[in-house]
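Make a model of the complete structure from these sequences and hints.
Line order of the protein sequences matches chains A, B and C.
When you number the first sequence by our numbering, it's gap-free, plus one each residue, and the end is 290.
When you number the second sequence by our numbering, it's gap-free, plus one each residue, and the end is 290.
When you number the third sequence by our numbering, it's gap-free, plus one each residue, and the end is 290.
These aren't lab readings, by the way, just hints derived from the structure by calculation.
Watch out, some of these pointers could steer you wrong.
One-sided excerpt, in silico: chain C residues whose CB lies under 10 angstroms from chain A [said to hold, decoys possible]:
| # | residue |
| --- | --- |
| 1 | D17 |
| 2 | V21 |
| 3 | G22 |
| 4 | V24 |
| 5 | S30 |
| 6 | V76 |
| 7 | A127 |
| 8 | G129 |
| 9 | R135 |
| 10 | L178 |
Pairwise CB distance ranges, derived in the manner of DEER restraints [unchecked claim]:
| # | chain 1 | residue 1 | chain 2 | residue 2 | range |
| --- | --- | --- | --- | --- | --- |
| 11 | A | H34 | B | G91 | 14 to 22 angstroms |
| 12 | B | E156 | A | R114 | 55 to 63 angstroms |
| 13 | A | G260 | B | P160 | 53 to 61 angstroms |
Over 10 angstroms on every C-beta distance to chain B, these chain C residues come out as not near it, computed from the model [said to hold, decoys possible]:
| # | residue |
| --- | --- |
| 14 | I31 |
| 15 | A88 |
| 16 | S104 |
| 17 | V149 |
| 18 | V158 |
| 19 | G166 |
| 20 | L168 |
| 21 | D186 |
| 22 | V202 |
Just so you know, even glycine gets a beta-carbon here, dropped at the ideal spot from N, CA and C.
One-letter residues, chain by chain:
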Amino acid sequence: MAERFETVSFLSDYGTDDEFVGVVKSVIRSIAPHAVVVDLTHGIAPYDVRGASLALARAVQYLAPGVVLAVVDPGVGSERRAVAVEAAEAGSVFVGPDNGLLASAVAMGGGATRAVALTDERYHLPAPGPTFAGRDIFAPAVAHLCNGVALSELGEPVEPETLLPGVLPLTRDEAGALVAEVLWVDRFGNVQLNVDPDELLVFDDPVSLSFHDRVQQARRAASYSAIPAGALGLVVDAYGLISIAANRHSAAGDLGLAAGDTVTLREADDNRVDAGVTSPVSLSATRSRS
Amino acid sequence: MAERFETVSFLSDYGTDDEFVGVVKSVIRSIAPHAVVVDLTHGIAPYDVRGASLALARAVQYLAPGVVLAVVDPGVGSERRAVAVEAAEAGSVFVGPDNGLLASAVAMGGGATRAVALTDERYHLPAPGPTFAGRDIFAPAVAHLCNGVALSELGEPVEPETLLPGVLPLTRDEAGALVAEVLWVDRFGNVQLNVDPDELLVFDDPVSLSFHDRVQQARRAASYSAIPAGALGLVVDAYGLISIAANRHSAAGDLGLAAGDTVTLREADDNRVDAGVTSPVSLSATRSRS
Amino acid sequence: MAERFETVSFLSDYGTDDEFVGVVKSVIRSIAPHAVVVDLTHGIAPYDVRGASLALARAVQYLAPGVVLAVVDPGVGSERRAVAVEAAEAGSVFVGPDNGLLASAVAMGGGATRAVALTDERYHLPAPGPTFAGRDIFAPAVAHLCNGVALSELGEPVEPETLLPGVLPLTRDEAGALVAEVLWVDRFGNVQLNVDPDELLVFDDPVSLSFHDRVQQARRAASYSAIPAGALGLVVDAYGLISIAANRHSAAGDLGLAAGDTVTLREADDNRVDAGVTSPVSLSATRSRS
Numbered sequence: 001m002a003e004r005f006e007t008v009s010f011l012s013d014y015g016t017d018d019e020f021v022g023v024v025k026s027v028i029r030s031i032a033p034h035a036v037v038v039d040l041t042h043g044i045a046p047y048d049v050r051g052a053s054l055a056l057a058r059a060v061q062y063l064a065p066g067v068v069l070a071v072v073d074p075g076v077g078s079e080r081r082a083v084a085v086e087a088a089e090a091g092s093v094f095v096g097p098d099n100g101l102l103a104s105a106v107a108m109g110g111g112a113t114r115a116v117a118l119t120d121e122r123y124h125l126p127a128p129g130p131t132f133a134g135r136d137i138f139a140p141a142v143a144h145l146c147n148g149v150a151l152s153e154l155g156e157p158v159e160p161e162t163l164l165p166g167v168l169p170l171t172r173d174e175a176g177a178l179v180a181e182v183l184w185v186d187r188f189g190n191v192q193l194n195v196d197p198d199e200l201l202v203f204d205d206p207v208s209l210s211f212h213d214r215v216q217q218a219r220r221a222a223s224y225s226a227i228p229a230g231a232l233g234l235v236v237d238a239y240g241l242i243s244i245a246a247n248r249h250s251a252a253g254d255l256g257l258a259a260g261d262t263v264t265l266r267e268a269d270d271n272r273v274d275a276g277v278t279s280p281v282s283l284s285a286t287r288s289r290s
Numbered sequence: 001m002a003e004r005f006e007t008v009s010f011l012s013d014y015g016t017d018d019e020f021v022g023v024v025k026s027v028i029r030s031i032a033p034h035a036v037v038v039d040l041t042h043g044i045a046p047y048d049v050r051g052a053s054l055a056l057a058r059a060v061q062y063l064a065p066g067v068v069l070a071v072v073d074p075g076v077g078s079e080r081r082a083v084a085v086e087a088a089e090a091g092s093v094f095v096g097p098d099n100g101l102l103a104s105a106v107a108m109g110g111g112a113t114r115a116v117a118l119t120d121e122r123y124h125l126p127a128p129g130p131t132f133a134g135r136d137i138f139a140p141a142v143a144h145l146c147n148g149v150a151l152s153e154l155g156e157p158v159e160p161e162t163l164l165p166g167v168l169p170l171t172r173d174e175a176g177a178l179v180a181e182v183l184w185v186d187r188f189g190n191v192q193l194n195v196d197p198d199e200l201l202v203f204d205d206p207v208s209l210s211f212h213d214r215v216q217q218a219r220r221a222a223s224y225s226a227i228p229a230g231a232l233g234l235v236v237d238a239y240g241l242i243s244i245a246a247n248r249h250s251a252a253g254d255l256g257l258a259a260g261d262t263v264t265l266r267e268a269d270d271n272r273v274d275a276g277v278t279s280p281v282s283l284s285a286t287r288s289r290s
Numbered sequence: 001m002a003e004r005f006e007t008v009s010f011l012s013d014y015g016t017d018d019e020f021v022g023v024v025k026s027v028i029r030s031i032a033p034h035a036v037v038v039d040l041t042h043g044i045a046p047y048d049v050r051g052a053s054l055a056l057a058r059a060v061q062y063l064a065p066g067v068v069l070a071v072v073d074p075g076v077g078s079e080r081r082a083v084a085v086e087a088a089e090a091g092s093v094f095v096g097p098d099n100g101l102l103a104s105a106v107a108m109g110g111g112a113t114r115a116v117a118l119t120d121e122r123y124h125l126p127a128p129g130p131t132f133a134g135r136d137i138f139a140p141a142v143a144h145l146c147n148g149v150a151l152s153e154l155g156e157p158v159e160p161e162t163l164l165p166g167v168l169p170l171t172r173d174e175a176g177a178l179v180a181e182v183l184w185v186d187r188f189g190n191v192q193l194n195v196d197p198d199e200l201l202v203f204d205d206p207v208s209l210s211f212h213d214r215v216q217q218a219r220r221a222a223s224y225s226a227i228p229a230g231a232l233g234l235v236v237d238a239y240g241l242i243s244i245a246a247n248r249h250s251a252a253g254d255l256g257l258a259a260g261d262t263v264t265l266r267e268a269d270d271n272r273v274d275a276g277v278t279s280p281v282s283l284s285a286t287r288s289r290s
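Structure below.
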């Protein structure tokens, strides 16, 4: 008998207008009534494996140890594997399709120690059609893991290095400019870039942002509420990345930015002209911790 | 003392932007702290008894035994009865308005064995107005059932055969064509028809679909991802019904189809002409189980 | 060791499309696995402290005793205090920003008996940026309270009378007319006014409603379903306030009314003319209790 788990963290693109999420949770509850399901989000855009992968990676260090169920699965019913991946260091098992969705979170959880394909039909629900693996394959696997069924019981072993990797976009330098990508636009319109605060140290304040056919300036700010009305700020967000933000206002809405867009950051022209008299503001100085 | 219940499965048209759902769950928690509430969905369109009834029927076989609370209640505060219906075979009690919402799920749970109207005010919350029966009548009834209060304590007995029946639309044959109805459009734009796979056996592939003023062709496919880009597929969905689908794309969006619409399926003309050379594809051959 | 709590009631403007809510709940579960979180709503409009305050006040008397976590926090990371406020009479502790959000609910819970600012960093999560106090400050405070950590441990004492008060708008009389305000438009389009049924007793039926540049008449009704099709009703809602409503239809949609709008109620002209022959309908007669 393997370890039992008490917590299932659940993320999907199912939305909550249909009963998909409720049915998955009902299957888990029927098989493993002691397990508590914590919904991370089900509002991932349909089929958006990348967005889901990033959301899971942002969340993973805060999850209670247990089983992590993630389902964004445009290839459901096809040859893509359904897998359970153990990350022993995190004390968790990640369950979902092998389409890159789990990769970044597993890596942040210390890496995959073992994996199986969920091929053993004794742990599936019988189903008239193959389109709802969340209900018929993933939920029972999660529940049986919670009940102490060993990972190796659920199906054929998979070499962790054959799991599909995640793709985290890197910034690149282009003639002194920093070419970045929008990772995430949150509910409040904050625009998270794949930019580490250290990468901004070479630029004075304000920083020039180019995207689509526009150029805007933004200044470093310690918090959203420190951004002047009508201005754009560059804030070190809760994940330690740079976000373009506005005060009580959607920066993404103003700028027309969405996940996946390219934003190029460079020294602002007016700043460059005045370089001799501008005292550069280092981000560590403007960054506060609450 | 009757049986105690541990699980409440909860479906409504309350949405989650208001605090309705949270208040209902708070009332249940205050009275029966041991009960776990599993939300099926609260995204049913306002007043859509039919859509809610179908969602509940799709989910019911997967629910953990316990109390099922369903509230879509345009007649709240009027003469419609508030009821609790025991389906002994399913080990569950269904609680909600007697407006047809519960009927199909109760039938799938083996049929009603006993029922009461929730008329005993000792089990109601005092309320200044009659508009929130979910909070004031249904939630306390659910919680007291979980605590082991007998069904018969909650109010006057109701003859199960007097409960309002549900209406499940049937297909009909019209000169060799199959006149079907859209039961459900899910988040992904899959269009579920009230069509059993066996009803398609008489048609070769592709099948012609007529609706509104349009005609489209669709081919059987084993899964969503097996549908060619830009084409329409007919997939046996997770409930054993035929769904019109596209690959990583909303079929309903393309076709302008919504729940309640009529779709007529018939032999595609070009297929009929070539009948001698087309090898008919039987659905059982294209249907795969995962 | 102080009292332990079993229930956390949680309201925010986080929405559920991002993983904010799931992460907050994961932090609570990691620290206090025995605590059950009941979501009130996370659909408060971004930054809408007033709307959140009203939702919390509507819900508070129905909450299970425990910790109430409310986060609508446009000033996150600024000088606004993060607080925990004990309302001993309600048996609850309210946790959130000190921006007026908690005030009405605390008052309805018998008033603040003690309060602290959440300044002790031993009870914070380390965080790279100050923008997600829900995760880094509020969630751990809530969880430690659930585990029996004393309120006074969490930070510096705050005089309850220095907490920011809530603002509940009052009606006013203007030459015999009642000038009211829309408190809330719910999912069904019901328009809750800050009007007590007693305030309507001076008017015959129908009542004239003036707002924007329009005048409409509405009649008292015992429930939504008692309102004639196409007409407007004045219903005593589930909170004991007057709501403008329609039958299976959004009154707010028809009238273009939103939270914060002004509606002036007065004797309808045609009614006034016929006063001699109209028998006034007192609200207590038309008001039913379920």
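Hint check results:
1. D17: The hint holds - D17 (chain C) has a Cβ within 10 angstroms of chain A, the shortest such distance being about 3 angstroms.
2. V21: holds, 7 angstroms
3. G22: holds, 3 angstroms
4. V24: holds, 9 angstroms
5. S30: This hint holds: S30 (chain C) lies near chain A, its Cβ roughly 5 angstroms from the closest one there, short of 10 angstroms.
6. V76: The hint holds - V76 (chain C) has a Cβ within 10 angstroms of chain A, the shortest such distance being about 6 angstroms.
7. A127: Holds - the Cβ of A127 (chain C) comes within 10 angstroms of chain A, reaching about 6 angstroms at its closest.
8. G129: holds, 4 angstroms
9. R135: Holds. Min distance 7 angstroms.
10. L178: For L178 (chain C), the interface hint is violated, since the closest Cβ of chain A sits about 33 angstroms away, which is over 10 angstroms.
11. A:H34 / B:G91: 14 to 22 angstroms: holds, 19 angstroms
12. B:E156 / A:R114: 55 to 63 angstroms: holds, 59 angstroms
13. A:G260 / B:P160: 53 to 61 angstroms: holds, 55 angstroms
14. I31: Consistent with the label, I31 (chain C) stays out of reach of chain B, its closest Cβ about 20 angstroms off (over 10 angstroms).
15. A88: holds, 18 angstroms
16. S104: It holds; S104 (chain C) is separated from chain B by about 14 angstroms at its closest Cβ, greater than 10 angstroms.
17. V149: Non-interface label stands for V149 (chain C): nearest chain B Cβ at 22 angstroms, farther than 10 angstroms.
18. V158: holds, 27 angstroms
19. G166: holds, 16 angstroms
20. L168: holds, 17 angstroms
21. D186: violated, 5 angstroms
22. V202: Non-interface label on V202 (chain C) holds, nearest chain B Cβ at 20 angstroms vs cutoff 10 angstroms.
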